[in-house]
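Place chains P and B on chain F using the hints.
Here are the chains, one letter per residue:
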Amino acid sequence: MLKNLKKNSFLIWSLAPACIFIIGFFVIIAFFLLKLSLTTYVGGMPQETGVISNYITLINSSAFKDAFWRTLIFVLTSTPLQLITGLITAMLINKSFHGRGVVRSVLLLPLAIPTIVTTSILVLMFSKGGHIGSLLTGQYSFFPQVMAKEISFMNNEAFAIGLAIFGKVWRDTPISMLILLAGLQQIPQDQYEAAETMGSKLVQSFTYITLPLMIPSIASVLVLRSVEAWKEFIFPYILAPSFPVLGVLIENFYVQQLNPGMSAAIGIMLIFLILICTWVLKVVLEAASKFLVKV
Amino acid sequence: MARLELNNIQKVYPNGFVAVHGLDIDIKDGEFISLVGPSGCAKSTTLRMIAGLEDISGGELKIGDLVANDLPSKDRGIAMVFQSYALFPHMSVEANVGFGLKIKKVPLEIRKEKIKWALDLVDLNGLGDRKPSELSGGQRQRVALARAIVLEPQVLLLDEPLSNLDAKLRIKMRVELKRIHKKLGSTIVYVTHDQSEAMTLSDRIAIMNAGELMQIGTPNEIYNSPKNKFVAGFIGSPSMNFISGNIVEDSGKISFQCKQGKINIPERLSEKAKGMLNKQVTLGVRPEDLSISIDEADNCLAATVVVRETLGSDDFLAMELEGVKDLITVRIQPDENYPLDKKIFVKMDLNKIHLFDE
Amino acid sequence: MVKKIKLSKITWIILIIVSLSLVLLPIYVMFKYSISDRSSWITGGKYPVPWFPFNPTLDMYRYYLADTRFWANAFLSINVALLTVALSIILGAPAAYSLSRSKFNGKAIILFFILSIRLIPDISSAVPIATIFNNGLWDYLPVVLKLSLAHTLLGLPYVIYIAQGVFESIPKDLEEQAHVMGCGKFYTFLNIVIPLAIPGLAAGAIYVFLLSWNEFTLSYFITATSSVPMLPLPVYLKSMFGAFTPNPVGIATISLLVSLPVIVFTFALQKYMISGSTAGSVK
Numbered sequence: 001m002l003k004n005l006k007k008n009s010f011l012i013w014s015l016a017p018a019c020i021f022i023i024g025f026f027v028i029i030a031f032f033l034l035k036l037s038l039t040t041y042v043g044g045m046p047q048e049t050g051v052i053s054n055y056i057t058l059i060n061s062s063a064f065k066d067a068f069w070r071t072l073i074f075v076l077t078s079t080p081l082q083l084i085t086g087l088i089t090a091m092l093i094n095k096s097f098h099g100r101g102v103v104r105s106v107l108l109l110p111l112a113i114p115t116i117v118t119t120s121i122l123v124l125m126f127s128k129g130g131h132i133g134s135l136l137t138g139q140y141s142f143f144p145q146v147m148a149k150e151i152s153f154m155n156n157e158a159f160a161i162g163l164a165i166f167g168k169v170w171r172d173t174p175i176s177m178l179i180l181l182a183g184l185q186q187i188p189q190d191q192y193e194a195a196e197t198m199g200s201k202l203v204q205s206f207t208y209i210t211l212p213l214m215i216p217s218i219a220s221v222l223v224l225r226s227v228e229a230w231k232e233f234i235f236p237y238i239l240a241p242s243f244p245v246l247g248v249l250i251e252n253f254y255v256q257q258l259n260p261g262m263s264a265a266i267g268i269m270l271i272f273l274i275l276i277c278t279w280v281l282k283v284v285l286e287a288a289s290k291f292l293v294k295v
Numbered sequence: 001m002a003r004l005e006l007n008n009i010q011k012v013y014p015n016g017f018v019a020v021h022g023l024d025i026d027i028k029d030g031e032f033i034s035l036v037g038p039s040g041c042a043k044s045t046t047l048r049m050i051a052g053l054e055d056i057s058g059g060e061l062k063i064g065d066l067v068a069n070d071l072p073s074k075d076r077g078i079a080m081v082f083q084s085y086a087l088f089p090h091m092s093v094e095a096n097v098g099f100g101l102k103i104k105k106v107p108l109e110i111r112k113e114k115i116k117w118a119l120d121l122v123d124l125n126g127l128g129d130r131k132p133s134e135l136s137g138g139q140r141q142r143v144a145l146a147r148a149i150v151l152e153p154q155v156l157l158l159d160e161p162l163s164n165l166d167a168k169l170r171i172k173m174r175v176e177l178k179r180i181h182k183k184l185g186s187t188i189v190y191v192t193h194d195q196s197e198a199m200t201l202s203d204r205i206a207i208m209n210a211g212e213l214m215q216i217g218t219p220n221e222i223y224n225s226p227k228n229k230f231v232a233g234f235i236g237s238p239s240m241n242f243i244s245g246n247i248v249e250d251s252g253k254i255s256f257q258c259k260q261g262k263i264n265i266p267e268r269l270s271e272k273a274k275g276m277l278n279k280q281v282t283l284g285v286r287p288e289d290l291s292i293s294i295d296e297a298d299n300c301l302a303a304t305v306v307v308r309e310t311l312g313s314d315d316f317l318a319m320e321l322e323g324v325k326d327l328i329t330v331r332i333q334p335d336e337n338y339p340l341d342k343k344i345f346v347k348m349d350l351n352k353i354h355l356f357d358e
Numbered sequence: 001m002v003k004k005i006k007l008s009k010i011t012w013i014i015l016i017i018v019s020l021s022l023v024l025l026p027i028y029v030m031f032k033y034s035i036s037d038r039s040s041w042i043t044g045g046k047y048p049v050p051w052f053p054f055n056p057t058l059d060m061y062r063y064y065l066a067d068t069r070f071w072a073n074a075f076l077s078i079n080v081a082l083l084t085v086a087l088s089i090i091l092g093a094p095a096a097y098s099l100s101r102s103k104f105n106g107k108a109i110i111l112f113f114i115l116s117i118r119l120i121p122d123i124s125s126a127v128p129i130a131t132i133f134n135n136g137l138w139d140y141l142p143v144v145l146k147l148s149l150a151h152t153l154l155g156l157p158y159v160i161y162i163a164q165g166v167f168e169s170i171p172k173d174l175e176e177q178a179h180v181m182g183c184g185k186f187y188t189f190l191n192i193v194i195p196l197a198i199p200g201l202a203a204g205a206i207y208v209f210l211l212s213w214n215e216f217t218l219s220y221f222i223t224a225t226s227s228v229p230m231l232p233l234p235v236y237l238k239s240m241f242g243a244f245t246p247n248p249v250g251i252a253t254i255s256l257l258v259s260l261p262v263i264v265f266t267f268a269l270q271k272y273m274i275s276g277s278t279a280g281s282v283k
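Residue numbers (the numbering used here), protein chains in the order written: chain F, 1 to 295; chain P, 1 to 358; chain B, 1 to 283.
Be aware that a few hints might be false.
Here are the computed lysine to any residue pairs in the SDA-like style, where the Cα-Cα straight-line distance is at most 20 Å [claimed, not checked]:
#: 1; chain 1: P; residue 1: Lys102; chain 2: F; residue 2: Phe64
#: 2; chain 1: F; residue 1: Lys290; chain 2: P; residue 2: Ile103
#: 3; chain 1: F; residue 1: Lys201; chain 2: P; residue 2: Leu184
#: 4; chain 1: F; residue 1: Lys35; chain 2: B; residue 2: Ile117
#: 5; chain 1: P; residue 1: Lys104; chain 2: F; residue 2: Trp13
#: 6; chain 1: P; residue 1: Lys104; chain 2: P; residue 2: Phe88
#: 7; chain 1: B; residue 1: Lys103; chain 2: F; residue 2: Gln204
#: 8; chain 1: P; residue 1: Lys74; chain 2: F; residue 2: Ser205
Think of the hints as simulated: they come from the structure by calculation, not from any bench.
Just chain F, with the same shape it has in the complex (with noise of 0.2 Å):
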């Protein structure tokens, strides 16, 4: 046993201090997250621990079923979105032309910008007197007159949260593009040519070809994307306040309200839902993927 460990020490020192600390943290995030979840506060002060009534509270208040349907509603658009316009654009660079590596550089230009300062573009752009109240006001010459009356964006649910899974979108792009690209060029050539030959016709080539190859590629964003759709907290926080999703419930709990326990309860429900929608992700990819390759 000693022998081992000392020949085994350079290891040993190696991967302890990282492990101590990820396993350290991994644990106490973990137990105070369950702690903190059982306990209920008043005015910012504990009350009782080890009780569920923070979360049989959250269910039946109807500010946490607004929340969740804010999210799902979010996580439901902005994760197919992200799919659709990531696939776009990797398919518009997957080809070589003159430019391609400008054309890159810039598609990937929103990942360079910090989520706060986009968020900031889009409160200046959009709130009250900005260009897109004025533009769609027809106060530009070049634009049609779309609304008679300004509209406070982010005082509109709909347009509010619609402004936050653009921002999302728009943000996170890129990386969908970058995972779709890397798939897209693993696919030679030859399998397009083969169906060319057999009397595929692009949308056949598309749909009985590329689609299922790229089932893994796909599979990879959608599960990405839908995990971050639904920890969002930046893009509705900022662009939505008034209309809080589950990530900016846990915000307001936690202090505005100084309730950690409701922040904690919010939290581990969260965790659960990421990990139902994911499995129910996987099904569903399978099924699709079956569906494709048939004879």
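Leaving out everything else, chains P and B in the frame of chain F:
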């Protein structure tokens, strides 16, 4: 089944590079024809032009009675087997074979029947549910073949289909291909860089070099009367020996003169030789048309044995002609024995020699 | 057939233009606001905000670059980022090296644990982290350390992931040669492996630096419920929205100042940044 005509077919790339210079090939209905040549000779480009995967820059391509230059691939009545097989990795064998039929919207019932027929033909019964990754190299090759013949094409195009197989399997698949061709009687264009494949499989062989047709003919014609030095050197293994020298006329007798000796030109070549009088030429002779003589005689060249290669059925001697570094190869019987590093003589069968321009 | 090709080509060009302008327009607007003069953003509703300022000016840049509060916040951000890089590399590089070289049982388990920390959504883990850091003994930690410990939690898995690839690309022969010549494992690691791995590790370090520089959620939760004199730049930027009359030129200027280092580094090291941002897609 159809006739396939290539009339002055050209391929010019946008950068001005001419890949194929006016190719004329007339392929009869049901014929098995091979396009052979070294890599980069544009044989695959030619095949891809026939398939419709590559634009034709000039000339006329006729499949059956149709001018097919601008027809999309699917309307040409062709099917193609790719060098990489290009099997769809995500589909089962059956789905792969049935893909073309599915695209053509053939009803499922008929589709299944045809898939079964094609898989029977290539001996892949019962493997329909497997994925390509679960098959051996030879089996994948058969799936690719089945996928092409299930469409009952007028012309079947094969692009180096055996080049990814190991030597033993390749020879087995050759026989298989021949059998399938016999059974279907379809017109087949077969691209390969392996001259022995072309020789054993084809009705006729078209030899290409640098985008030009060198010679087209039956394997026998190509082997026994090559039109030029390129064809002569490309076909046959080990390849033909070349000796350079001059044609001289000495008191009415025409002969080939080189450093190592003098060879009389036989009657059948005298016309050709007269045109080459006093010019630098190459004499070509195959290893099996050479023999060894210990003593000097007519039509002999002095040489020394450098290495003996034993194959079992035949042995080959690598010999150095006197005064030159080039080696020539001579086929001998395994029981013949000659001393190494000693001056002996190489005698040639005058009926089998060839003369080429330098 | 010819017409069809043209149609698809036109669609392609249109889509390229649309996606490029969708990406560039917001960035342009940010830039435009940052150099706007007063009359170009306070319009009183008489005319729309112009697409280019009437009198472009760098006043706001001059103002913020001379502002001690801005610099105090910027230094906090830089210090947190540097400390995060140091912690992540010192902890991560040796671990990544061992993981890339050894074939011991349980390697998969350790890797799973290291990456599993990312399975807890940051918005969920922010609550316990902020609670721990702002209570009990932990509360005495300086805010720089609190923030960088939290950021290291995000950065360390990336460093281990990236560095593992870097070490795997260094031929094992070199180390074996060193062992044969009598060097110990530790000596070899420091003197043979690390020098060769520096370029790759540097890229990982920059990635983590930017990660920390951009981080909002954890920083916000940690600083929101405690009174701190300085804020990391992203949180500072957010606090500007909350002002009674937000100043768009100020917001745009800070936004640009915060983005600039990220844009520069991202494009200088595009290849490495890409591998970092798609790291999670490899399973």
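Hint consistency between lysine 290 of chain F and isoleucine 103 of chain P [alpha-carbon to alpha-carbon, up to 20 Å]: At roughly 18 Å apart (the allowed maximum being 20 Å), isoleucine 103 of chain P and lysine 290 of chain F satisfy the hint.
Hint consistency between lysine 104 of chain P and tryptophan 13 of chain F [alpha-carbon to alpha-carbon, up to 20 Å]: Violated, because 65 Å separates the two Cα atoms, which is more than 20 Å.
Proposed proximity, phenylalanine 64 of chain F with lysine 102 of chain P (alpha carbon, max 20 Å): Since the Cα atoms of lysine 102 of chain P and phenylalanine 64 of chain F sit roughly 50 Å apart, the hinted pair is violated (cutoff 20 Å).
Hint consistency between lysine 104 of chain P and phenylalanine 88 of chain P [alpha-carbon to alpha-carbon, up to 20 Å]: holds (17 Å)
Hinted pair lysine 74 of chain P and serine 205 of chain F, Cα distance within 20 Å: holds (13 Å)
Satisfaction of hint between glutamine 204 of chain F and lysine 103 of chain B, Cα-Cα up to 20 Å: violated (46 Å)
Pair hint outcome, lysine 201 of chain F versus leucine 184 of chain P [Cα-Cα no greater than 20 Å]: violated (28 Å)
Holds or violated: lysine 35 of chain F to isoleucine 117 of chain B, with C-alpha atoms at most 20 Å apart: Given that 20 Å is the threshold and the Cα spacing comes to 18 Å, the pair holds.
In terms of the numbered hints stated before, the structure departs from hints 1, 3, 5 and 7, listed from lowest to highest.
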